[in-house]
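The listed protein sequences derive, respectively, from chains F and X. Each residue of the first sequence is one higher than the one before, starting from -7 at the first, in this note's numbering. Each residue of the second sequence is one higher than the one before, starting from 432 at the first, in this note's numbering.
Derived by calculation from the structure, the hints in this document are not laboratory data. Treat each hint with caution, since some may be false.
To be verified - Derived DEER-like restraints, expressed as beta-carbon distance ranges:
1) F:ASN60 with X:LYS492: 48 to 58 Å
2) F:ILE59 with X:ALA475: 17 to 27 Å
3) X:LEU471 with F:GLU56: 22 to 32 Å
4) F:GLU49 with X:ARG656: 41 to 51 Å
5) X:MET584 with F:ILE59: 38 to 48 Å
6) F:GLU49 with X:ARG486: 44 to 54 Å
7) X:ARG666 with F:THR76: 31 to 41 Å
8) X:LYS657 with F:HIS50: 47 to 57 Å
9) X:ARG483 with F:ARG48: 43 to 53 Å
10) X:GLU619 with F:PHE69: 39 to 49 Å
11) F:LEU58 with X:PRO472: 16 to 26 Å
Unchecked claim - Covered stretches of chain X, as calculated for chain F (at least 3 residues, CB under 8 Å):
12) 470 to 483
13) 487 to 500
14) 517 to 531
Positions of the beta carbon are idealized from the N, C-alpha and C atoms, including for glycine.
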Amino acid sequence: MDKKSGARNILKTSACSHWIFIVALSLVSFSFCPAIAPRAEPWPGVDETVVEKFAREHSRESREPLINTDQGDLLLFAFLLAGTAGGFAAGYYWRMLLEGKTKAKVSSRLRK
Amino acid sequence: MKIPFLMTAVLLIAAPAHAMHISEGILPLPWAVAWYAVALPFVALGIRQVNRMSRQDLSFKPLAGLMAAVVFIISCMPVPVPTAGTCSHPCGTGMAAILLGPFVSSLIAAVALLFQALFLSHGGLSTWGANVFSMGVIGSVAGYFAFKGLRAMGASLAVSAFFAGVQADWATYMVTSVELASGIRGNEPFLPLLEKILLAFVPTQLPLGLLEGAMTAGMVLLLYRKRPDILVAMRVIKAGEVKANG
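Model the full structure from these sequences, guided by the hints.
Here it is, written out as structure tokens:
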């Protein structure tokens, strides 16, 4: 067995898939576990802690957006609206995809 | 009609995001224009490919619609990462690139980022080109080639999709760091600043990339179980693989 086919066989094995998912799941669970988390900041975004922080250090400040929805509860409303529209669209198209399958099955049965 | 309502109900818990897109006004004008110039050809290729593929395959439109909605939602969904104490979001472009190709995925990301910049104070119009290039173009290309490369090496669908999602997420943040470092550095040397920005992203993006990988693998496997014929039509898998697995 050459090296290339050996690597292929390792990647194909279900043991390899299981191992990767177990490691990934453990890492994700570990990092999302509140008990081990630092408690200093009330969940700022990386735009504040990284992007805007470094920009400020180099004398670049962010500007107000063209349509400023970041005012009181307006942003919450905008996000709820976006979530509703996006969620409805996702569900609608998912249903269309599954209906396509059902239609294809029915037409193939009718042909028989 | 249960599924759309259920998904809508779940998504109603969304909260205002403060995440990784480069905010309005951060990049100097020449850099903002340059990133527009780099990103726009990919978006144009995406439009061309959408027109061609929607004529060829009827299932393309609903799949593209689904991916557009998913990328839009995912890329403005703040996920708290307790190891870092911060929030950020996955990108979704790896998933879209696997299913629709990197150019269509770039177009989808461009539209999502435009809506976010206009109505959600998320990203910005002046930084739209830079954000499209990092999340749309690089995220899609990195995810697509990671998936194709691993499949060519014989990796399973789940493993390939997982690493494509991880790669798309991490590549996005690497390029965001490059864009930011090159735009704000002034007279400071580029590489040390890039290194600092990259390291600052690591505590949040390292676990988030793994989450994105799991989401990507989950979506691809779900489609494989429900509509394997679409994956064959989109050249994600070969017809023989469906038959072989029943």
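Open item on the list: Could you work out which of the previously given hints the structure breaks and list their numbers from low to high?
Closed with: Failing hints, ascending: 1 and 12.
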